[in-house]
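Student: Now for the letters of each chain:
2 protein chains.
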Amino acid sequence: MTRDLLDKIIFNTFNNPFINQKHDGAIVDLEGKIAISTDSFVVSPIFFKGGNIGELAVNGTVNDVAMCGAIPKYLSLGFVIEEGLNIEEFIKIVESIKITADKCGVQIITGDTKVVEKGKGDKIFINTTGFGKVHPKAKISADHIKTGDKIVVNGFIAQHGMAIMSQRQGLEFESDIVSDTTNLNYLISDLLDTFGHKIHFLRDPTRGGLSSVLSEIAEDTDKGITIFENKLPIENQVAAACEILGLDPLYVANEGVFITIVASDIADLVVEFMQNNDKGKNAVCIGEITNENHKKVVLNSLIGGKRIVSPLIGEQLPRIC
Amino acid sequence: MTRDLLDKIIFNTFNNPFINQKHDGAIVDLEGKIAISTDSFVVSPIFFKGGNIGELAVNGTVNDVAMCGAIPKYLSLGFVIEEGLNIEEFIKIVESIKITADKCGVQIITGDTKVVEKGKGDKIFINTTGFGKVHPKAKISADHIKTGDKIVVNGFIAQHGMAIMSQRQGLEFESDIVSDTTNLNYLISDLLDTFGHKIHFLRDPTRGGLSSVLSEIAEDTDKGITIFENKLPIENQVAAACEILGLDPLYVANEGVFITIVASDIADLVVEFMQNNDKGKNAVCIGEITNENHKKVVLNSLIGGKRIVSPLIGEQLPRIC
Numbered sequence: 170m171t172r173d174l175l176d177k178i179i180f181n182t183f184n185n186p187f188i189n190q191k192h193d194g195a196i197v198d199l200e201g202k203i204a205i206s207t208d209s210f211v212v213s214p215i216f217f218k219g220g221n222i223g224e225l226a227v228n229g230t231v232n233d234v235a236m237c238g239a240i241p242k243y244l245s246l247g248f249v250i251e252e253g254l255n256i257e258e259f260i261k262i263v264e265s266i267k268i269t270a271d272k273c274g275v276q277i278i279t280g281d282t283k284v285v286e287k288g289k290g291d292k293i294f295i296n297t298t299g300f301g302k303v304h305p306k307a308k309i310s311a312d313h314i315k316t317g318d319k320i321v322v323n324g325f326i327a328q329h330g331m332a333i334m335s336q337r338q339g340l341e342f343e344s345d346i347v348s349d350t351t352n353l354n355y356l357i358s359d360l361l362d363t364f365g366h367k368i369h370f371l372r373d374p375t376r377g378g379l380s381s382v383l384s385e386i387a388e389d390t391d392k393g394i395t396i397f398e399n400k401l402p403i404e405n406q407v408a409a410a411c412e413i414l415g416l417d418p419l420y421v422a423n424e425g426v427f428i429t430i431v432a433s434d435i436a437d438l439v440v441e442f443m444q445n446n447d448k449g450k451n452a453v454c455i456g457e458i459t460n461e462n463h464k465k466v467v468l469n470s471l472i473g474g475k476r477i478v479s480p481l482i483g484e485q486l487p488r489i490c
Numbered sequence: 170m171t172r173d174l175l176d177k178i179i180f181n182t183f184n185n186p187f188i189n190q191k192h193d194g195a196i197v198d199l200e201g202k203i204a205i206s207t208d209s210f211v212v213s214p215i216f217f218k219g220g221n222i223g224e225l226a227v228n229g230t231v232n233d234v235a236m237c238g239a240i241p242k243y244l245s246l247g248f249v250i251e252e253g254l255n256i257e258e259f260i261k262i263v264e265s266i267k268i269t270a271d272k273c274g275v276q277i278i279t280g281d282t283k284v285v286e287k288g289k290g291d292k293i294f295i296n297t298t299g300f301g302k303v304h305p306k307a308k309i310s311a312d313h314i315k316t317g318d319k320i321v322v323n324g325f326i327a328q329h330g331m332a333i334m335s336q337r338q339g340l341e342f343e344s345d346i347v348s349d350t351t352n353l354n355y356l357i358s359d360l361l362d363t364f365g366h367k368i369h370f371l372r373d374p375t376r377g378g379l380s381s382v383l384s385e386i387a388e389d390t391d392k393g394i395t396i397f398e399n400k401l402p403i404e405n406q407v408a409a410a411c412e413i414l415g416l417d418p419l420y421v422a423n424e425g426v427f428i429t430i431v432a433s434d435i436a437d438l439v440v441e442f443m444q445n446n447d448k449g450k451n452a453v454c455i456g457e458i459t460n461e462n463h464k465k466v467v468l469n470s471l472i473g474g475k476r477i478v479s480p481l482i483g484e485q486l487p488r489i490c
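Quick mapping for you: the protein sequence lines, in order, are chains U and Z.
First residue of the first sequence: 170, per the numbering used here; consecutive thereafter.
First residue of the second sequence: 170, per the numbering used here; consecutive thereafter.
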């Protein structure tokens, strides 16, 4: 694969006025509070059940921008390609990036491609950096989290991590476990349109899973968090796979999941609102912010006990995203 | 190296209100035309004479933003680290990023760190994405290039490429060939302050060298370009190294070099203005835009002949930046 061929594929696919300038950068009009997020994607394998590294790289950064309470609009795209990457695979990834970006309503405006020798990379790594304007009604900050606030999650947890993991381990289940990678930006924007400042916090528990995000929030707010095991949304098959592999689903990576921490008086409305959206149809309130157990996350277990959920040390599953 | 340790080093070094939010993104105030540029750096070796991959990653993207006629203000930072990278080396790189960002007047506002297994990367790859507001007097575009415009270069060419190359080949010269990596944003901004719209075009000839940039301009504008070999600024030692290695300095990568294409009536003033700036002290007019030899770059050689400079096919030196 020559650089020229790579460039041709990229320019033909992302054909738009920004990228067609073929300059070292793009010029866009932006105004006001702009959320910016960057992420490098090194997932292995690069094609997995339910998606591929390209789709992940778009959804992941779009979601990170959305979690800032913003409307993602533009993405930059940086490839590091290992020599010998199959050209058909590269084309599939680039096309998948284009389709996913269109779905998300974002444009790829500038990019860069580097090639490294065989054995100095692993097929392909992708960096995406996303930009978007903060929603006018958004006031998302850990500082706005109050005692009594409810924690709502939009759907089934641990799917992405278990999809990658069972593929790596060659595990087979009755039906496939499929990554939940998807874009959450429209649902977030609808939530902010409707509930505005009463949405206190948003976060997608990707690497490190739900437990890491909740532990960070408890730490940062100096409050306690209680969650209820019987409320945690998890598919039977995913729960079974976690058991087989000895993994706690609270620590497993998600890609299409987010939590929102909301004023207690709107919690039921938020759950109902999310259930009416395809990306939130399994939404449920899983817990609340407490004035006890400061800086700790406490799980009320199925059998009536309580246990402290400790933050994840290191990465449970490397190269999950 | 655990992720926690990496994070601690990063947060302690880039201590600022944006990155301290520890969110998945940063929120900044921006207004108007914003230039955005992204670049992944995979240079090998990661430490070289005159710089390191961290310094390069800041200067490179800062310069790309500046070449859009903009004032770089913020950078995002994405690391892909190979397991086993020496912790002291990582700290040196991170500190170098901080020092260079300070020199450039930009802030690192958000970042991401991924770790891959030994043998699946090569020590460290860095993506930086930069943004900044377009200078109010800037009107930089290939569309503004006119027949008769002059091409000015700020200083010695081929230094970065030859520094990397002679280090890789173990070549020794009387004194070391040192990379020219540096930030050009202040000089560009001063030029725009002073000459405004009469600066028609800016570009830094990094990968592919001067010939690639000039060939692209000839192609895009449908005009011809004539350059004069006796005007090309090149250090004796660099010229000698190129000869030994059989490389044409016109194709060798630069990091602290830029060309500007300006209205012919200000060309001498621009050269003089640049010579009064440390980053342009070896500035010289190397050629002009012509109404003949459409889409071609013609070199008037030292011995009085003419030859066509063809665009570089593929990369002359892989992993130069």
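Mixed in with the good hints, there may be bad ones.
Heads up, the list lumps identical chains together, so a pair's fine if it works in one copy or across two of them.
[Unchecked claim] Mimicking SDA-like on lysine to any residue, the simulated pairs with C-alpha atoms at most 25 Å apart in a straight line are: (1) LYS464 x GLU251; (2) LYS177 x LEU471; (3) LYS292 x ASN469; (4) LYS272 x ILE314; (5) LYS306 x ASP447; (6) LYS308 x LEU416; (7) LYS306 x THR363; (8) LYS475 x PHE364.
Derived by calculation from the structure, the hints in this document are not laboratory data.
Student: Each of the hints needs a verdict: does it hold here or not?
Tutor: The hints, checked one at a time:
Neither within a single protomer nor between protomers do LYS464 and GLU251 lie at most 25 Å apart by alpha-carbon distance, with minima of 43 Å and 33 Å respectively. Taking the shortest Cα distances, LYS177 and LEU471 never come within 25 Å of each other, neither inside one copy (56 Å) nor across copies (36 Å). In this assembly of identical chains, the alpha carbons of LYS292 and ASN469 never lie at most 25 Å apart, being 43 Å within a copy and 43 Å across copies at closest. In this homomeric assembly, LYS272 and ILE314 never come within 25 Å of each other (Cα to Cα): the closest approach is 32 Å inside a single copy and 38 Å across copies.
When the C-alpha separation of LYS306 and ASP447 is checked against a cutoff of 25 Å, the pair qualifies only within one copy, where the shortest distance is 23 Å, while the shortest distance between copies is 48 Å. Within a single copy, LYS308 and LEU416 get their C-alpha atoms no closer than 35 Å, and across copies no closer than 57 Å, so neither meets the 25 Å cut-off. Only within a single protomer do LYS306 and THR363 lie at most 25 Å apart by alpha-carbon distance; the minimum there is 9 Å, versus 42 Å between protomers. Proximity of LYS475 to PHE364 under the C-alpha cut-off of 25 Å is found in neither arrangement, the shortest distances being 32 Å within a copy and 70 Å between copies.
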